[in-house]
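Trainee: Residue-level listing of the chains:
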Amino acid sequence: MRHGVARFVTGFLALPVALYLFYVVWPFAQAAGYSLTDWGGYSDSQRFVGLDNYVRLFSDELIRKAFWHNVFFLVTVPLFTIALALFLAFLLNVGGREDRAGIRGVFGSALYKVIFFFPQVLSLVVIAVMWQQIYRTDGQGLINGLLIKIGLVDADNPIAFTADPEPFLGVPAVLWWLLLIAVWSGAGFYMVLFSAAMQSIPKDIYEAAILDGAGRFHTFFKVTLPLLRDSISVAWVYLGFIALDMYALVFVMTPSQGGPNHASEIFASVLNFTAFQKGQFGYACAMGVALAIFTILLAAVQLRITRRDRIEY
Amino acid sequence: MSTATSDLDRAGQATSGSGAAPVRRGERHRGGVGARIFNGFSHIFLVVWAVMVIYPLLWVVMSALKDDSEVIREPLSLIPDKLHFENFGRAWTEGHLGSFFLNTLLVLAGSVTLTMLLGSMAAYALARFEFRGNRLIYYMFLSGLTLPIYLAAVPLFKGVYNTGVSFPLLGPNKHAMLILVYVAWSLSFTIFFMHSFFRTLPDSIAEAASVDGASHTRTFFSVMLPMARPGLISIGIFNVLGQWNQWYLPTLLMQSVAGEPKHQVIAQGLIELSVNQGYKSDWSGLFAGVTMAMLPVLIVYIVFQRQVQSGLTAGVGK
Chain A
6 MRHGVARFVT GFLALPVALY LFYVVWPFAQ AAGYSLTDWG GYSDSQRFVG LDNYVRLFSD
66 ELIRKAFWHN VFFLVTVPLF TIALALFLAF LLNVGGREDR AGIRGVFGSA LYKVIFFFPQ
126 VLSLVVIAVM WQQIYRTDGQ GLINGLLIKI GLVDADNPIA FTADPEPFLG VPAVLWWLLL
186 IAVWSGAGFY MVLFSAAMQS IPKDIYEAAI LDGAGRFHTF FKVTLPLLRD SISVAWVYLG
246 FIALDMYALV FVMTPSQGGP NHASEIFASV LNFTAFQKGQ FGYACAMGVA LAIFTILLAA
306 VQLRITRRDR IEY
Chain B
6 MSTATSDLDR AGQATSGSGA APVRRGERHR GGVGARIFNG FSHIFLVVWA VMVIYPLLWV
66 VMSALKDDSE VIREPLSLIP DKLHFENFGR AWTEGHLGSF FLNTLLVLAG SVTLTMLLGS
126 MAAYALARFE FRGNRLIYYM FLSGLTLPIY LAAVPLFKGV YNTGVSFPLL GPNKHAMLIL
186 VYVAWSLSFT IFFMHSFFRT LPDSIAEAAS VDGASHTRTF FSVMLPMARP GLISIGIFNV
246 LGQWNQWYLP TLLMQSVAGE PKHQVIAQGL IELSVNQGYK SDWSGLFAGV TMAMLPVLIV
306 YIVFQRQVQS GLTAGVGK
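Which chain is which? The protein sequence lines are A and B, in order.
All residue numbers in the first sequence are consecutive under the numbering used here, ending with 318.
All residue numbers in the second sequence are consecutive under the numbering used here, ending with 323.
Bound conformation, chain B alone (with noise of 0.2 Å):
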């Protein structure tokens, strides 16, 4: 983790560095034209992957301001001729996004910090405490990273059905229900990534801790969670995207019981609407509901984007 963000440290440096760089010394050795001709020849690769990575979205973006008999007659243009910002209205209230946001930010609200809490929790107690069982409790963590969700969704459906009978806010299209699902879930790979990060804290500290009289609970709040934060900010990243973006479990497990309205989460509404889309064709709204899905996490990453990506890549490099 922290080589990682080293190099990205690292790398940023090193791009703004040889913008100005007045010496290029390996290039004067081996003359300046043909570099120059190799850069050309890259940068064109590069722009035409750009290219194909912002059109598709900026394409979406634009839809989305058009109206409908824009999108039809003009579907290619990338100028809309008037903005017509009420296809988000519609999107909004219409097509439930608003209720989409809201539910997604109540679950994730609740999921996500207890996924910190929980997971860093017990990561910690496994990385620094020798007991019985503490080898069989973290591979049993490690395994679920490997098992297909599809597998348990069937019995996980029907677990949820069962608790809801006796304790209905733990039941299908409950927000709580699905909180706690999203973090059972979210556990095998916070542990795995927090236990290799509290394994190498230095031990001196929580020693100097306990001496000073503190409890575990207290040295682990007060002591080695503020140490970790490096960590935790990029699992932290991980679970929110993650989370955010999860749409197989809230398809399996918001299902409506008894005529109530189902409270979607955004993923999941989305599909709904997009093929819901075949019915109405109110194009222009599905355009403003996936850019107003879009938008909020381009805007964070581009604002974090040092984090973001730092915080991704050592998820997969460790």
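So here's chain A without its partners, still in its complex pose (with noise of 0.2 Å):
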């Protein structure tokens, strides 16, 4: 048994390995060590300036608003999505039968899947590109089309959506505008997740607690809820992931890829403006491990938080 396997695991483990290094590690190493260089990235010239870029992050007015923008996405994101992910999962499942067989969906609810799990399979550019035109500042858009169609907005005075930097609750309208669209497209595969794990519930639960006179919603709350624990705690450190992730959105809706006036820079958005417009590659690679040491705490805080003993059944 033995025999051979040294050959056997070099053979399958040589080529993965290769690439995995050239293209992704050793691009992450490289850009720890331009963190500490003020290399411009055109020119050969590279001088080490040691921690000088992360003390100018610090300082950085940029960085700071896309800091509270990402904080807000990584707030707001998993909190809207999956509320309302299990508010159709509650509808979708409590609505139907829940007897001794545990719960079932209601009539239709295998096409409300389907239905509610397209935007997931669109990419996020087409979905981007498709609420830009949602979205459009003029009659011709799907919103303000409708709205002032309506009467509900001026013709002359329409929404502003993405290009409206001013505060809504503190947080610029951009911001809102473009979290729609991040729970839009999210809600419906999380409601999918919640779904199949309501379903696995074993049905001796359920029939104990209907033996114990239990309603649907005294189920759905006392039972159904406290089981998903699990599935919930997932679902919000992808969410986290994806809310960090938002840079699709603000390239391709946000005029000059972050604006207006910067209104929703986020750090992706500052990094990319750093390096390619500003010619400053030490300093975004800088930005970069920030945000990869932000990111890489903040799954352990999650996993953290999150981790509790797991119920088995």
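Be aware that a few hints might be false.
To be verified - Partner residues are not named here, just some residues of chain A that face chain B (Cβ under 8 Å, in silico):
no., residue
1, Phe13
2, Gln35
3, Phe63
4, Leu147
Hints listed in this document are in silico derivations from the structure and should not be mistaken for laboratory results.
Remember, it's a predicted structure, so these values are computed and weren't measured experimentally.
Every residue, glycine too, gets a C-beta built ideally from N, C-alpha and C.
Both chains are given apart, each in its own frame, so use the hints to dock them into the complex.
Mentor: Written as structure tokens, this is what we have:
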């Protein structure tokens, strides 16, 4: 059995490891190195500046703005998406039969699931380009057009959507409009996830609840929801990653990719702007490393908070 | 993975069953009227959300069939005066959708195949063989899941550019380069997923194959890989969708050098199309482009919806 194991393992791992080292690990390692220099990216001259780039991060007004925008998405995207997904999953499952065989969907729930899942298979770019048309700031946009037609919006003063830097609840309006897209595209997927989790809860638990005289709302809030804890925390972690990755929407939908007037900058857009428009590669790499550290810390914190005794059934 | 599939199977059976089931015990216990009111209430919300999902998609498809003057005159109507299929022709040729599709297919054919092959080979070696450095390599692949791609952007571009000097085929704007980059960036999740899958396969069959004189390689390709089929389908769907939707890597790496035309993939091409619309304002052409990028995926999804749903949710669940 041991015969040829070393050769086999080497043969199977050589190519994937080589590719991964060259295209993933090496760039990351280099980024960490460049972040300690003042390299501009186009010339060959680079000077070692130590931690200067990192110190600069803390006094950079744009970075501070981008940081709070990231935090905004980090809180709101999971919160609204999970709330909506749970609400839909609740309607889909609780309305239906809930008897000795466990939870079952309402009539047509399979069809609803197929439809709600649509945005998940569309690329973020298709979604962004589509919403760009929906959000058009003249009468031809889907929303402005509808609202002008029913007289809720003045045709000379339509909603500006992603070109609107005015704060709403202390956050630039453009971010709320981007949030709406993220929630629209994510809710269906997590609804399917929660639905599957609800239906995998064994029927004995429901039998017991029904025997004890619990109604459908009681059963949902006291039995189903607590048992969904695992799925919800997994969803929270994943949505956290998605929230950090709102760049496609910012890139396609906002004026000058982070505008208007930097109202929708996030880490990724500032990083790309700094590297490719301002030509400060060293500084951009420092931003990247900071973002990576932030992401890893966040993942660790989330795993810590959500870790709890697993309920096995 | 296997649990998620069976859940969804059960979900499918449950819904088809609940429509026809003559006896609804639970509801009868609690009185039908309340249940029926609640069901009606559920359906109202569910239909509202379904409309919110479908209406924008339908609006894009229908706008793609209008001519430009109608898009401007009647932007909201869902029924075009006349079906203007020529919009699709224009997007295909003048909007270069045709070449976007070709480039995407060329890249994906190579990258998905290679990702699956290399990913499952590495996952198998890591999951079923003890050797020094096993954990180290596994965690190295795993760490790629948490690191943001933007961090690597600048050095990655530089590395690809430098490689292109000595190996022109692997330089910027080359299909082969993009294939290898996609594979490298997809390995983390593929290995992570297949690793847990290979762990669950029983040892006895591999041992039997070995007793029969099969080499490790032979055992992998003829015994273990076929047994891992459900996992391969899930991760395959995940990779096809993920790489089809990839826009950041191509925008970064498929940049024209020395005046040769860009080999854009679909997501990247659509972004540029939509940005350039500001100057050319060919709205119906843009809608046609979005429709063409959207419909193939939606149709594939509708046909294979159960596999896609379970494939993608299993990816998150584990």
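Trainee: None of the hints should be skipped; say for each whether it holds.
Mentor: Outcome of the hint check:
With 8 Å as the threshold, the beta carbon of A/Phe13 comes within range of chain B, its nearest partner Cβ sitting at about 4 Å, so the hint holds. A least Cβ separation of about 4 Å between A/Gln35 and chain B falls short of the 8 Å threshold, and the interface hint therefore holds. For A/Phe63, the suggested interface contact is broken, since its CB lies about 18 Å from the closest CB of chain B, more than 8 Å. With a least beta-carbon distance of about 6 Å to chain B, the hint placing A/Leu147 at the interface is held under the 8 Å criterion.
Of the hints listed earlier, the one the structure fails to meet is number 3.
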